[in-house]
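Enquirer: Can you make the complete structure from the sequences, with help from the hints?
Order-wise, the sequence lines are chains A and B.
In terms of UniProt numbering, the first sequence opens at residue 1 and continues consecutively.
In terms of UniProt numbering, the second sequence opens at residue 1 and continues consecutively.
FYI, nobody ran anything at the bench for these hints, they're computed from the structure.
You may find that some hints are simply not true.
Repeated chains share a single entry, so a pair holds when one copy, or any two copies, can fit it.
[What the hints assert, rightly or not] Below, simulated DSSO-like cross-link-like pairs (lysine-lysine); rule was C-alpha separation at most 30 angstroms, straight line:
1) K32 x K200
2) K648 x K32
3) K198 x K526
4) K660 x K52
5) K38 x K447
6) K660 x K49
7) K49 x K672
8) K49 x K679
9) K660 x K72
10) K460 x K161
11) K356 x K447
12) K679 x K72
13) K72 x K672
14) K38 x K200
15) K526 x K610
16) K460 x K447
17) K672 x K52
18) K200 x K52
Number of protein chains: 2
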Amino acid sequence: MPPQTTLDIQAARARTSFDPDSLHRVLLSGHKDPDTRKRVAQLLADDPKFDKRARPYLSRPEQIERGLSTTKALFDLVDRHDLDHNEYLEALVSAMDEPVGLNLHEIAFTPVIASQGSDDQQAQWLPRCYNHEILGAYLQTELGHGSNVQQLETTATYDSKTDEFVLHSPTISATKWWIGALGVLATHGVVQARLFLKGKDYGPHLFILQLRSLDDHSLMPGIEAGEIGPKVHGAMGSVDNGWARFNSVRIPRAHMLSRFASVDPKDGGTYKTPPHAKLSYGGMIFIRAQMISNLSWREAKAATISLRYLHMRRQFADPEVKTGERVERQVISYPGVYMRVVPELANCIVFMLAGKDMANLYHSMAERLATGDTSLLASTHAVSSGLKVYVSTRTVAGIEVFRRSMGGHGMMAASGVGRVFATELPAQTYEGENGVLSLQVARAALKSLAIAARGGDRAKALVAESPFDAYLGALSPRPASLPVAAPSTGADAQWTDRAFLTRLLALRAALSVARLAERMQRDGAKFGDLSWECNAASDAVVEAFLAKRTGEMLEQLEGAGDRERDVMQRVVNLFLLSTLVNALAPLLELSILVPSSAAPLRAAQAHAAKALLPDLVGLTDSFGFSDWELDTSVGNADGSVYERMLAKARADTELNLGTKADQERLYRDYIKPVLERGKRRAAGGRTDEKL
Amino acid sequence: MPPQTTLDIQAARARTSFDPDSLHRVLLSGHKDPDTRKRVAQLLADDPKFDKRARPYLSRPEQIERGLSTTKALFDLVDRHDLDHNEYLEALVSAMDEPVGLNLHEIAFTPVIASQGSDDQQAQWLPRCYNHEILGAYLQTELGHGSNVQQLETTATYDSKTDEFVLHSPTISATKWWIGALGVLATHGVVQARLFLKGKDYGPHLFILQLRSLDDHSLMPGIEAGEIGPKVHGAMGSVDNGWARFNSVRIPRAHMLSRFASVDPKDGGTYKTPPHAKLSYGGMIFIRAQMISNLSWREAKAATISLRYLHMRRQFADPEVKTGERVERQVISYPGVYMRVVPELANCIVFMLAGKDMANLYHSMAERLATGDTSLLASTHAVSSGLKVYVSTRTVAGIEVFRRSMGGHGMMAASGVGRVFATELPAQTYEGENGVLSLQVARAALKSLAIAARGGDRAKALVAESPFDAYLGALSPRPASLPVAAPSTGADAQWTDRAFLTRLLALRAALSVARLAERMQRDGAKFGDLSWECNAASDAVVEAFLAKRTGEMLEQLEGAGDRERDVMQRVVNLFLLSTLVNALAPLLELSILVPSSAAPLRAAQAHAAKALLPDLVGLTDSFGFSDWELDTSVGNADGSVYERMLAKARADTELNLGTKADQERLYRDYIKPVLERGKRRAAGGRTDEKL
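Expert: As structure tokens, this is what we get:
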């Protein structure tokens, strides 16, 4: 007979109300091709060079080596199976399950040349990028400067005599730092440096720089560089992050990326202003836009492992069952457990939808940008910033909820969820630190509010056409009567009415932003002193956006049958109710709801979470991860948790403790002397006192 | 001139309103001796065997070796400096800054013999424990059983023919797992196993078992054991956690710890019931009681590093200062930053006070227990459980707030805060998983509520004498008028009135527990189905307790002058206001406050946080950590952040990447082939397509 854990997971799977494979295709539709995804993951799984077993045991030098050896193995695999560019990227960014320095070449170095280089520069450099004749890094942040790009200290001074720029690091805090791929891998970089022309400071611009010799990989003259050292929690241990200092390094004028701004050599150097300054923002939005989907699918791994394990783990006898019964109650059946994890699962699935939405918004904007139309730029920037902040914060927190819900075994590296947490943790910090980035969201919201408040056609157009500002419609006409009449019991059907729930979140967002404006206008508060309130207002705006857009997306789930539609509706309903429960303080404070509505709302949330219990394992199956992709001892498709944990501990002994001889040495050198000391003390009669 | 960061930290220090050294003594008073603490930390700092530099670079086998080598070095140091038992424990548990397997000998193995062994057993075993002739582990949890000790599967069957117990692991899920020191170090263990006498199951009891030979450390016959593998985030990498299986291992009857229960050999084995079953709970309470102080002082390290760094980090120009000014604004000055970290600092300091309070409560209980008086047992169990849940959850979350507030550099292992997080993270899970343990707190609160509701002398005595139940006084007499009249502005002095704020928290706790009781009595809900609500009720009860007790402790700060008293009052005031702000949803929902009181409350919190800004660095100084203890590049006493970070990256290159030859090999084996492939592709004319 199979172990109880296997019976449990099979029973849970049998309860599923929909077809997980159909839902898998619905979730991936418009994001990536399910068959390509599966095929690429299988190619890596079959290649022993990508074996993951040693990972949690490695030293930092070994982690760095692993990053480079998998990089080389990836190109071997590409050549062997003649993968195309999309398949290569799927393997690198997703299937490898382990970021490496090469990622920066693809997501930062090459794109910045593609978007900021002139046509000539693109023709010269992009083929070398695509062939990987050169391997690149993007050198922006410095020891003393992260969020505030405008204050970067590295200088690029134009020397008209030689028609060159002189790159220089004038201070310690100007040292480039955190630069992915710079520590070991990169041969070239794009450097952000302040452009100085005839003594005048034109602010940060981009310059292509050769970092290392293509003959022997030694650093080029005038450049000092190295690796910055390990990250917290061993996060991204196989990525080489580097630092660099420049001692008057000369580069030709042609190496300044000059799609939008350039230097003309006449008159000792003349600055040519970019025609459309904002056109250069597209790349940043692209990276953030991609993060939404990526984060949701990484969280889905944690959700899969945790939810499966919580069906297999049993603890404490069911009080309903008579004493003496051996089988304990499944942990997932306790409200104290499922009220934690099921809302996080709903978030995760909603973020998958939001990721696709974001990608579509980006492509609409990019199409218009290509024709010089910047009309969607500001709102797409605001949406991508707001979603980046919100989704990175929530997915990181959610991954930790999934890990912690697993109790003791969630602390094992072998459970696999800790690794997901560590890898995604930095997403809150890179591409715009969340606390700083949310200020931009709040600023955009205040601007929109001002437009809406002035009324007229422009206000109408804003609410109707800008998806991120639609919530402002809740204010016009002014809501006649607040508080909103809400149902008096949790079982009322109104709690499943998306329009009603979305309206509550819209009101909350609109009134939060209005209150912010009031603080500035009435109380004279300065924007810089409202950063705390701005964080909350930004979240409120994003939640209103997610509620509206996700509802719309539910209407058009490509390829979904009735049963898949039904479970997705229940997921989104739980997301809305959980979001409202978390927003209870502002909902009550802003008198959108009365205190007596709080208990029914929470009851409705509990009801919605419970209603998803029979479908949880089916939902994890619909994410479509193979056991190899999950890399876990406790959340595999077939159950058998404890057998696998014990087998792994036995099998990994040498990776974990060293060879048999090493283990004997540990005893001889350290343990034996302590025990012999104890014997001597006992022989000396030391029995009556401690130590 | 010293770097800007040094000037910044000096300026911050100069603003301090109190004497940090005096406050240091106040904070440690009744907890540990400041001079011993300092002296022991210095002894370790001076011994190269405890050098921390290599830590973040090690492989798992190297981490395990480090745990053992520092263990041996610790005994050498004890002998060399003739440390007494307290100094030894200070070195092991606190100064070493790195848990090792030996900790379990001291906090679990020896104490369980001391509390559960008969007088004879204590006389036989304790001297061997104190001398470290044997090294012990405490084998309780199993692969399939953690929180529910009553369902452990390992059996100890009495064989009357030989007067022995037979220890056996009947299933895979019965495998002992997670056992600290069992993986490599321990020679002996105390094993929890179900006692079977003449076929009858008497539930879990404790048995002393020799695990490994004292001659060569090989496993004893019938025992299979090993290490379970790394923990998430590299947490406690130098602790060997083990697993073990028993194949009918025989131990003499005298090895059953029999202070409270024993087996008489007559009639084929007769069970002797413990006289006072509850007397055996003391040890568990002791461990939890100690955790409160320990957690607060670990969080204090994170607070010190983060708050110092936030004074030195500058980002974005102050809008008040005219453009062109080179010096940016100190990050700590932004409300979006200080409203995050300053409340966490206040929590941390309040938890230090709570830790001392908890230790006193424990000692009162232990004194009574020694005379057979169990009257304080139940309430001390509830307090220690509630505080353990609350303080471990809040300190772990707080440490992460401190780390995240540091932005990018907070992601560096060298910043030192990530290590604190990883080490404390498991505290939420061990010694009672927080979600499960909080149920016991809620259950105790419901019991107390029932007593209070019946009224009479017993109710009066409960509220007057049981510190954990005092909040129930808010219900008797029934509060005449709710909502409470609260000030209409944030500047009102009532927001600094501790009695007023404490009453709000007491009302919230009492009404939360009352609502829970109502759910059971009126709605017929079962306790097991209220676990989600119980978590929240437990927090409410703890917050009411902390408010009351901390206020009382403020009145008697031993050794504090007026200025130290003043800053501590401001700290506690911020703690109370922040706790209320976080409880706004229940305060409004329960109609304790009206919606219009919310904004003044939040304004009062913001005011209290701002009022602590000039004292933040002084408060970190008052924690008294040396640079060696902090082990950080970014939060040292003297500032100079960036210089230190760069110097460390340069100095650690070989630890980080391997020797020069290793680094050359990385290029030759992995990078060069990729670049040569690129050259071949270019030569083949592949310039027009990606990849």
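Enquirer: 30 angstroms Cα cut-off: does K660 pair with K52 within a copy, between copies, both or neither?
Expert: both (23 angstroms within a copy, 27 angstroms between copies)
Enquirer: Please sort K526 with K610 into within, between, both or neither, judging by C-alpha distance up to 30 angstroms.
Expert: between (46 angstroms within a copy, 16 angstroms between copies)
Enquirer: Are the CA atoms of K49 and K679 at most 30 angstroms apart within a copy, between copies, both, or neither?
Expert: Between copies only: 24 angstroms across, 50 angstroms inside.
Enquirer: Have a look at K672 and K52 and pick one of within, between, both or neither, based on CA distance no larger than 30 angstroms.
Expert: between (35 angstroms within a copy, 24 angstroms between copies)
Enquirer: Tell me, please, which holds for K660 and K72 at an alpha-carbon limit of 30 angstroms: within, between, both or neither?
Expert: The answer is between: 21 angstroms across copies meets 30 angstroms, while 32 angstroms in one copy does not.
Enquirer: Could you place K49 and K672 in one of the four classes (within, between, both, neither) given a Cα distance threshold of 30 angstroms?
Expert: between (40 angstroms within a copy, 18 angstroms between copies)
Enquirer: For the identical chains here, do K460 and K447 meet the 30 angstroms Cα criterion within one copy, between copies, both, or neither?
Expert: within (15 angstroms within a copy, 59 angstroms between copies)
Enquirer: Give the relationship of K200 and K52 under a CA distance limit of 30 angstroms: within one copy only, between copies only, both, or neither.
Expert: neither (53 angstroms within a copy, 47 angstroms between copies)
Enquirer: One pair to classify: K648 and K32, alpha carbons no more than 30 angstroms apart. Within, between, both, or neither?
Expert: Close neither inside one copy (33 angstroms) nor across copies (43 angstroms); limit 30 angstroms.
Enquirer: When no copy is specified for K356 and K447, does a C-alpha distance of 30 angstroms or less occur within a copy, between copies, both, or neither?
Expert: So K356 and K447 pass the 30 angstroms test inside one copy only (26 angstroms; across, 51 angstroms).
Enquirer: Checking K72 and K672: alpha-carbon separation at most 30 angstroms within a copy, between copies, both or neither?
Expert: Answer is between; shortest inter-copy Cα gap is 9 angstroms, intra-copy 45 angstroms.
Enquirer: State whether the alpha carbon distance between K660 and K49 is at most 30 angstroms within one copy, between copies, both, or neither.
Expert: So K660 and K49 pass the 30 angstroms test inside a copy (25 angstroms) and across (25 angstroms) alike.
Violated hints, listed in ascending order, are 1, 2, 3, 5, 10, 14 and 18; each of the other numbered hints is respected by the structure.
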